[in-house]
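Given the coordinates of chain U, assemble chain A onto it according to the supplied hints.
Chain by chain, the residues:
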Amino acid sequence: MVLAAGDLARDVCSRPAWIRAFEHRVDTQNIGMLDLTISNSAAKAAAAAGVTDDRLDVAELHAPFSHQELILREAMGIGDGTEVTPSGGALVANPMFSGGLSRIGEAARRIHDGTADRTMGHATSGPCLQQNLVCVLEGE
Amino acid sequence: MAKQPCAVIGVGQTKYAAKREDVSMAGLLREAAKRALEDAQMTWADIDAVVVGKAPDLFEGVMMPELFLADALGAHGKPLLRVHTAGSVGGSTANVAASLVQAGVHERVLTVAFEKQSESNAMWALSIPTPFAMPVHAGAGGYFAPHVRAYIRRANAPDHIGILVALKDRTNALKNPYAHLHQEDVSYEKIRDSMMLWDPIRYEETCPSSDGACAMVLGSESVAERSEKPVAWVHATAMRTEPTMLARQDKVSPQAGRDCVAEVYRQAGVTDPYRQIDMAEIYVPFSWFEPMWLENLGFAAEGEGWKLVESGATDLGGDLPVNPSGGVMSSNPIGASGMIRFAETALQVRGLAGEHQVDGARLALGHAYGGGSQFFAMWIVGSEKPTA
Numbered sequence: 001m002v003l004a005a006g007d008l009a010r011d012v013c014s015r016p017a018w019i020r021a022f023e024h025r026v027d028t029q030n031i032g033m034l035d036l037t038i039s040n041s042a043a044k045a046a047a048a049a050g051v052t053d054d055r056l057d058v059a060e061l062h063a064p065f066s067h068q069e070l071i072l073r074e075a076m077g078i079g080d081g082t083e084v085t086p087s088g089g090a091l092v093a094n095p096m097f098s099g100g101l102s103r104i105g106e107a108a109r110r111i112h113d114g115t116a117d118r119t120m121g122h123a124t125s126g127p128c129l130q131q132n133l134v135c136v137l138e139g140e
Numbered sequence: 001m002a003k004q005p006c007a008v009i010g011v012g013q014t015k016y017a018a019k020r021e022d023v024s025m026a027g028l029l030r031e032a033a034k035r036a037l038e039d040a041q042m043t044w045a046d047i048d049a050v051v052v053g054k055a056p057d058l059f060e061g062v063m064m065p066e067l068f069l070a071d072a073l074g075a076h077g078k079p080l081l082r083v084h085t086a087g088s089v090g091g092s093t094a095n096v097a098a099s100l101v102q103a104g105v106h107e108r109v110l111t112v113a114f115e116k117q118s119e120s121n122a123m124w125a126l127s128i129p130t131p132f133a134m135p136v137h138a139g140a141g142g143y144f145a146p147h148v149r150a151y152i153r154r155a156n157a158p159d160h161i162g163i164l165v166a167l168k169d170r171t172n173a174l175k176n177p178y179a180h181l182h183q184e185d186v187s188y189e190k191i192r193d194s195m196m197l198w199d200p201i202r203y204e205e206t207c208p209s210s211d212g213a214c215a216m217v218l219g220s221e222s223v224a225e226r227s228e229k230p231v232a233w234v235h236a237t238a239m240r241t242e243p244t245m246l247a248r249q250d251k252v253s254p255q256a257g258r259d260c261v262a263e264v265y266r267q268a269g270v271t272d273p274y275r276q277i278d279m280a281e282i283y284v285p286f287s288w289f290e291p292m293w294l295e296n297l298g299f300a301a302e303g304e305g306w307k308l309v310e311s312g313a314t315d316l317g318g319d320l321p322v323n324p325s326g327g328v329m330s331s332n333p334i335g336a337s338g339m340i341r342f343a344e345t346a347l348q349v350r351g352l353a354g355e356h357q358v359d360g361a362r363l364a365l366g367h368a369y370g371g372g373s374q375f376f377a378m379w380i381v382g383s384e385k386p387t388a
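In order, the protein sequence lines correspond to chains U and A.
Taken in order, the first sequence gives residues 1 to 140; the numbers are from our numbering.
Taken in order, the second sequence gives residues 1 to 388; the numbers are from our numbering.
Among the hints, erroneous ones may be present.
[What the hints assert, rightly or not] A short list of chain A residues far from chain U (calculated; beta carbon distances all over 12 Å):
no., residue
1, Glu66
2, Leu69
3, Ala75
4, Gly77
[To be verified] Examples of chain A residues toward chain U, derived with CB under 10 Å:
no., residue
5, Ala49
6, Leu67
7, Lys78
8, Leu80
Hints were generated in silico from the structure; no laboratory data involved.
What you are looking at is a predicted structure, and each value in this text was computed from that prediction instead of being measured.
We put the CB at the ideal spot given by N, CA and C, even for glycine.
Next comes chain U alone, as it looks inside the complex (with noise of 0.2 Å):
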């Protein structure tokens, strides 16, 4: 992934996908104390990034185990109108340290060929989703 700031990037790209915010909270490792049908910290890092305040056309998440995708849709909040992982997601190809990347890759992906104006990437690190980033990005 290439990054450029500013003027470059539209000089270089015709659609740059701006990065309008950039989140990630860690919780304990200590699964005892972590209720494991939520995720606090997807919940945080989304919250911070504004996820769930505005329309979100798609959402790339990083869920290497099914279920996960149903506990953080719930934490950050994706509604119906949200497509969720049109890529397949870590279910179909999940080379495990390039996995969140490869997220955020595909949400700017749909920003760069227009078919979205706002989208966002996820990426998981730990056992039980301990560690979650959430990156959103926009078009013009």
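What follows is chain A alone, placed relative to chain U:
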């Protein structure tokens, strides 16, 4: 692009030792972090984000240790970022933490780096064959000894320079209560007569294996200006990298090191480093690396670094004191060693270095390298807020 001012508000270090069997890894980190918070007159709740660094996972055999350390670091519910650039990681970690303040993302960042070598075997970790990487047989010393030999040949340096650096660093360490090695009976003869480990590196010209952690609290301009204690303003940060196995790499004076220092000097407006920099904490795991880095960092002309050492200029009372803390030669918790260099420069310009304080230290260079002279991380801190 304009950066927000950033300053070191607090510094905390553990006592460095061969085996800290009184604390777990989590306890080691908390010891340093709590001291940094106390120095900053803050509590865990004041911290916006935590940036942690350590050397390869294989050293302690714990995969992604930041995840199990999240609550010990007070990071639950907060952003936690881990940095990994081998031996330079402590420096890189501090630079990443500073960037979060300089970018205006956070106001108060806790940054911590650690290594618990007693729970690991770095020699083994550096010597086993790993896929797609050259094994470093016989640990770091076996890898770096030929580079030292090349330096001695190129600079036509006399044999005793490595002894002088070791003697200086171990003598300085006696003034640093946190240092691992406190050799009251250290002498030129003892170092000279110690066993040859990796020719030309003698046993006493080698760093120890240490347990330890170092932490800093970095703050924004408004946080720094509210501090009741002196702060250390960040004047420059830079990192540069080159491939370890690049055939044309100059192992004696790597290009990445020269590029990295040129960038910190540019940012800090330093044109004559020997005159303008008041003291430096340089990553010297084998004593011969002091003259090598003095040249790489522009403090001495090529081939002249050893003369600076011989003249006593890098002694605690010299023109350019280098490693008044005792340096890596006296304490080496690998992942923390770079951050200790950075933190010591902050203590010096704050005037809080205690017995090893350099009189009138106002501008200081912190240096770290790692990964077979592959990664370089540096910063310059000053007692005054940068004007630009």
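Hint by hint, which ones does the structure fall short of? Numbers 1, 2, 3 and 4 - these are the hints that the structure violates, sorted from lowest upward.
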